[in-house]
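Chemist: Single-letter residue listing:
2 protein chains.
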Amino acid sequence: MLEGLGSPASPRAAASTSVVGSSGPAACPPPSAPRCPESPVPRRGGMRASVPQKLAETLSSQYGLIVFVAGLLLLLAWAVHAAGVGKSDLLCFLTALMLLQLLWMLWYVGRSSAHRRLFRLKDTHAGAGWLRGSITLFAVITIILGCLKIGYFIGFSECLSATEGVFPVMHAVHTLLQVYFLWGHAKDIIQSFKTLERFGVIHSVFTNLLLWANGVLNESKHQLNEHKERLITLGFGNITTVLDDHTPQCNCTPPTLCTAISHGIYYLYPFNIEYQILASTMLYVLWKNIGRKVDSHQHQKMQFKSDGVTVGAVLGLTALAATIAVVVVYLIHIGRSKTKSESALIMFYLYAITLLMLMGAAGLAGIRIYRIEEKSLDESKNPARKLDSDLLVGTASGSWLISWGSILAILCAEDHPRYTWYNLPYSILVMVEKYIQNLFIIESIHREPEKLSEDIRTLRVVTVCNGKPVASSCLKSGGVAGDVAPRGRDMPPAAKGNVCMREGCGKEEEKQEESSWGGSPSPVRLPRFLQGNAKRKVLRNIAAFLFLCNISLWIPPAFGCRPEYDNGLEEIVFGFEPWIIVVNLAMPFSIFYRMHAAASLFEVYCNI
Amino acid sequence: MLEGLGSPASPRAAASTSVVGSSGPAACPPPSAPRCPESPVPRRGGMRASVPQKLAETLSSQYGLIVFVAGLLLLLAWAVHAAGVGKSDLLCFLTALMLLQLLWMLWYVGRSSAHRRLFRLKDTHAGAGWLRGSITLFAVITIILGCLKIGYFIGFSECLSATEGVFPVMHAVHTLLQVYFLWGHAKDIIQSFKTLERFGVIHSVFTNLLLWANGVLNESKHQLNEHKERLITLGFGNITTVLDDHTPQCNCTPPTLCTAISHGIYYLYPFNIEYQILASTMLYVLWKNIGRKVDSHQHQKMQFKSDGVTVGAVLGLTALAATIAVVVVYLIHIGRSKTKSESALIMFYLYAITLLMLMGAAGLAGIRIYRIEEKSLDESKNPARKLDSDLLVGTASGSWLISWGSILAILCAEDHPRYTWYNLPYSILVMVEKYIQNLFIIESIHREPEKLSEDIRTLRVVTVCNGKPVASSCLKSGGVAGDVAPRGRDMPPAAKGNVCMREGCGKEEEKQEESSWGGSPSPVRLPRFLQGNAKRKVLRNIAAFLFLCNISLWIPPAFGCRPEYDNGLEEIVFGFEPWIIVVNLAMPFSIFYRMHAAASLFEVYCNI
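Sequences listed follow chains A and B, in order. Just remember that the working numbering sits 23 ahead of the position in the first sequence, which is counted from 1. Just remember that the working numbering sits 23 ahead of the position in the second sequence, which is counted from 1.
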């Protein structure tokens, strides 16, 4: 989880890296000492904190974890109705955490604007525009949710403690300032006062994670209650169906308004949950970037072009429309009667099986295209991208757990109503589709955008260092292929010094050298219809389709269409409580997976 | 969790990294093209798998996770007595996994010995001697455990399924071959057939993790049953105390022998658990190393010297003796009567508080010594070390969770018997001590051994590349300070080509250059009594003391002395089931933490 921030190499160390492997026809020309006169003298101790990097990291991460487990325990205590621990204790704790984060953010923003003229390093990969856009959207809904909660508090003010009124107000303020903070500073690479800032950022990460866990818990309790109500309607008296009710013990003054508000709150929770987790991932990347030495990587500006993706978009939008229809029908039918429930389940499974098969096929096609055009990946250091990959695989495990549960239940159950058999292909497809999709996304985000590769070839022969042409490939091979040279002139000195120390240009380099220096251009074995723009178009269609499908598959579980509950088979095999615990633990990750995959696919789409 | 293996840079790419930051007095001399004639021509495609590194990693890690969650679900099903899932299903699954791993290991070992003459890269940091030693010790005990289980099966053979006899036999064979495998191949850096080998290694990692989880579950069930028996003795009828009994429904032929065997099994489980987790960490490092490009890092041979650590050793051995005494008394007294239980608890808390305070003080002293002598850390890439740090922080979270639970319970409980107050300082100290100890260990394992730093200074001015002295610091600054030059002549070509591409020599480099090139040797500000050998002696005493203390603190929870159960307060506040679930989930990590910290401290001790 916690990783060394790596590569703290001084400019000079890299500069003197010059043992040449010179035998063989493809060797580099001997470097003719291409000096860049304005490259920086490292400031003596300027970048060094009083505590070494690794230690400061451990100090802060341990602090964050301790705060986090404390919060988790309070959440657990509330969830299990622990004696003496009320909701107000939990809210007090969360409010205190938010207040602390607010103060820290204010200090940081104030300090930053005071030192505005100082050159600040930025990680161009972090806090992408679309990410900040979507977080703003979710934040707006979170603030609306806050307003509804305040209304709820006013309605029930007789019998609610003051903390339940303070919490939403504080949460709204916190959301506002945090979005402002993320817009301005998500790309920062903090270099000064590292220890203090590290504590602030990690505190923010775990505060958001706890707010996420709080949202998830509220949502789960709500879903569970709805499920129990359905069971009661269907007449299952044998399962322990005590509603876990947290509604206040007094009357709300305008009753209809209150009911509307309570309902509204639960429709907005999924967005709040996404907001919190997105914020914490952005802050985590900020934390990983503290004290990092980066090369000023020229990040290709992402472009959103909508031409030529008609097929993907139409198919995706059809899927989206179908999903909404299915969810509405499902929610109307489920729990009304046994036959209606069963038909709703069968409808859902058939819909999901079709969609998952299409998605799997699209993913496979994408991977196949990548495999035909053999090209090695950019494996340079990039905390934002690494987090994306890890989250994809990690959160997919949540739904794999649920799927295995369903499969096991089907295999072990004594009698199988007809609808349960649809569950088997559905569960298997959920696993397979995520496996394939992760491969596709991870390969996509590790490929360099096409345009850059072109640039490299152009820049190969003559590389310009400080205006003078130098017959050497130094700049190129130091940074990741093609990232640096175009900005040679206007690069800030601090970044420039670090240019030659990036790892990871290896294979790409090697391959290109084989073709350009060795004189044998490697044959591109793509079928003609898959070359150049056509290939790009196919990939973009796939990405667009998968993007819309992931949005589609996010909707059902987020808004209460959970066949894992309603199916009933798993509850019989594992027992009601164990299965509910498994689903409630794994489902939030499964839901987050869809939104995160959609976000990654959007990025993939823009980069193709 | 899953991280890019990074730095796949070709030798040539690094060789051409030669932009020089030349302004300023401390700049490197211009590199005079120091070629090493025997450095390798990269074999065309020789090191490249058909699938890119990152993709192969994702392919295999996803496979591993899917197998793992399937196993977890079977374990859960068995634990909650799911309908239709018996112990034999679980054991079948585990046996199949072990068989698969066995076949893979045989294939790998066979292939390795067939290609023995090929040069093989090794990661000198992985699979240290003491690690292999301790794994062998634990493996021997695991095999004894296997024999006892076979005896148990024979005794109850009438009513046990065949799988319960096959499983221990297979487990013993698996253990034997795996230890042999780890002795011979834990240091391997696999470069060929990467995809197939990646699947094999990740399969082995997760097989061992599942065997670990299986051991933990058995042990937890046993502990829980013992706890429930005590509660029944003490007359707590209000808590649901249904024994979760898995003893067979028939009689064992020689009854006394059978009882002895059942008891023996539970005393050996803790060692089996440690064996499985150790094996999986070693295999994980092997997996992380697949396809890695390393510099041939000269690893200083660790030396175990026992002179001059009398104080630490005596204090530590005293702690160990005291622990054993306390555990014996505790286990005799607990659950006999209310007063005896309380006195046992008070005794345990007083003992633990004393020990933890001493350990915290020792850790602080160690950190203080490091802080006085300001020295930046070696942050080069090292999967084994990174895993060590992550595990320390990650597994400590388990006990932080339990500690917060205790603290919350004390704060929220309605009435406090006298002995519960001792729980408060104990829980706080558990958190603080782990926080401090982690800082000490992580800083220690990131410091270079003293001797190496000396070497660097000697090697600074003249670096020999292929026998010819070159006035350049190329070799040195490319690799991590001082790791390469001494082996310049006899280095294998593949390793040599990669020499100049390691990241992470930065700060150390910079600092040394300031002192050696800038002409101002940095003042060492250590008090005289803490210089050189004296300082080393103090640090070694601290490490020895902490090592023995961690072994001491491993014993109580591993052998059934768990005040978190017996204390009773948490169970009242959280409820019996929720608290038992929390403890059973967190305790295995807490126990593993102690053993892992002890292992790390042993390494620290040998390196000081």
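In short, the hints are calculated from the structure, not lab data. Take these hints with a grain of salt, some might be off.
No copy labels: a pair is met if it fits in one copy or bridges any two.
List time: in silico DSSO-like cross-link candidates among lysine-lysine, alpha-carbon distance up to 30 Å [what the hints assert, rightly or not]: (1) K145 with K398; (2) K398 with K251; (3) K145 with K244; (4) K251 with K558; (5) K145 with K409; (6) K145 with K361; (7) K398 with K244.
Chemist: Now look at each hint and say whether the structure bears it out.
Modeler: Now the hints, each set against the structure:
no.: 1; hint: K145 with K398; in the structure: both (29 Å within a copy, 28 Å between copies)
no.: 2; hint: K398 with K251; in the structure: neither (53 Å within a copy, 61 Å between copies)
no.: 3; hint: K145 with K244; in the structure: neither (41 Å within a copy, 52 Å between copies)
no.: 4; hint: K251 with K558; in the structure: neither (50 Å within a copy, 66 Å between copies)
no.: 5; hint: K145 with K409; in the structure: both (17 Å within a copy, 26 Å between copies)
no.: 6; hint: K145 with K361; in the structure: neither (58 Å within a copy, 63 Å between copies)
no.: 7; hint: K398 with K244; in the structure: neither (48 Å within a copy, 52 Å between copies)
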